[in-house]
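Undergrad: Listed here are the chains, written in short residue letters.
2 protein chains.
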Amino acid sequence: MPAPLTDLSRCSLHTMTTKPWSLAQAVDGYRRAGIPGITVWRQHLQAAGIDAGAKLLRASGLTVTALCRGGFFPAVDRAGREKAIADNRQAIDEAAAIGAPMVVLVCGAVPGLPLAEARRQIADGIAAVADHARSSGVRLAIEPLHPSYAGDRSAINTMAQARRICQQFDLELPGSSAVDRKVVGIAADVYHIWWDDALEDELVLAGHHGWLHAFHVCDWKLVQSEMLNDRGIMGEGCIPIRTIRGWAESAGFRGFNEVEIFSTKYWAEDQDALVAKCAAAYLAAV
Amino acid sequence: MPAPLTDLSRCSLHTMTTKPWSLAQAVDGYRRAGIPGITVWRQHLQAAGIDAGAKLLRASGLTVTALCRGGFFPAVDRAGREKAIADNRQAIDEAAAIGAPMVVLVCGAVPGLPLAEARRQIADGIAAVADHARSSGVRLAIEPLHPSYAGDRSAINTMAQARRICQQFDLELPGSSAVDRKVVGIAADVYHIWWDDALEDELVLAGHHGWLHAFHVCDWKLVQSEMLNDRGIMGEGCIPIRTIRGWAESAGFRGFNEVEIFSTKYWAEDQDALVAKCAAAYLAAV
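If you read the sequences in order, they're chains A and B.
For the first sequence, position 51 matches number 51 in the working numbering, and the numbering has no gaps at all.
For the second sequence, position 279 matches number 279 in the working numbering, and the numbering has no gaps at all.
Just chain A, with the same shape it has in the complex (with noise of 0.2 Å):
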């Protein structure tokens, strides 16, 4: 297990995280509290206007560490995936405008249609965007989502099943870094990953082959009110954060751990409240 975190120069914060605030307050209350990253969800991005809000993010002296989100490739016909990758290419061209090293991908899935026909589509999908991506300096990292979405959110749900669509593709961005040269990747997410037994093995083959994009924290309540939105804040639930963080750096990740929180009860508090408590569970558990 690594040493705690002495100070936040690795955190990043997620606009989900805090949800009611518009970008321009994200950014204002980030800094305010020492938070050094941020990953633009779209709705706050594009409620801002892209060009405005590439301005604010530039302005502001964040570190943008990512996109959220594109994906959802997989649909029931062929205008509904062309549809798809006409907005990935889209959310390629919002991440380089804000200068966003990569865009985060949800993969998708559609009730009714197989999962491996969705794993296809998703392959098909990100191949049809990858040139796209890397002639735009941007890394595409694929989230892998817990098995609870698998219906409809995503058919990717183990690192395994995403390392398998990063060894269909061998793009590299130039001036890289090791851990993340390639530009079809893996956005490693605690709470989605945390109780696979092949974690340790793939986030060291991840780091090897160049496919460590990212490094997601939050907890797992062991009671949830509901699927999607009552995570819990580092600490608050059973995940082995540090141990998992542990397992990235072995494999060479040395970028932000991006705190990312859907709660409905956080996002009814106080938000610089909600993010002083995020700092401290940062230090506290990560």
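Treat the hints as calculated values from the structure; they're not laboratory data.
As the structure is a computational prediction, the values presented were derived from the model and not from experiment.
Built from N, CA and C at the ideal position, the CB exists for glycine as well.
Please note that the accuracy of each hint is not assured.
If you want a taste of the chain B side facing chain A, the calculated C-beta under 7 Å gives, among others [to be verified]:
(1) Asp152
(2) Trp195
(3) Ala198
Assemble the complex: chain A is given as a structure, and chain B must be docked to it using the hints.
TA: Below, chain B without anything else, positioned relative to chain A:
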């Protein structure tokens, strides 16, 4: 995909599906609905009394398909683990008393205990009771639980993890069929394992090695009001149940399809009507 089932001859209901009913009410209700199988939960059996329950079941003409549930082996100290082992011996005795061919194991997990350690304790716990199971003529069926339950219910979350425990044992039950000839095997519940890309392969392996002890059905609703007791009736969700039944049957499985639905919503309804719904859904969607 196999042909639809045309009758209820392989249908069994878990008494937990009709939780408000006593064992006597369940026996009566299932018989009236033409359901030939019953998997008995221990709280229902213990409320009836073991001897009285056994007599009731023998007289009912129903086939007892399993006793639910043993397991919960991991604990923070030796006393806790020994208590669990004693309880599992008792479950085996109860299964023998009511003529249940197996005890279903929800293997257990303890918040804060590393999952790898929990898995070792699970294997040790099963090892401690396997001979007693064999000499009692009772199988042990490891039920892999959905990764949602890795925090506090089971560190065994995939068919592969269950298989690796089965592989540590080579005990056979004389007179068993090929597909479930081993003492230590698996209860495959579609709710828990439908998302797993190794499912078909693991079912085939389980059948080949004599580990395929049980097959449970219900459905995964895309929106669930909470994590435990909002399961769907077959056809209400996104699980390709018939496809998976086909895989189990390709693996040699010819046992009962056990309907196991935990649902606060359905428990509040008339239980005769619920049994009728389950029977109709069994024919339509299993």
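Undergrad: Now look at each hint and say whether the structure bears it out.
TA: To see whether the hints hold, each was checked on the structure:
1. Asp152: holds, 5 Å
2. Trp195: Hint on Trp195(B): holds, closest Cβ of chain A at ~4 Å, below 7 Å.
3. Ala198: violated, 10 Å
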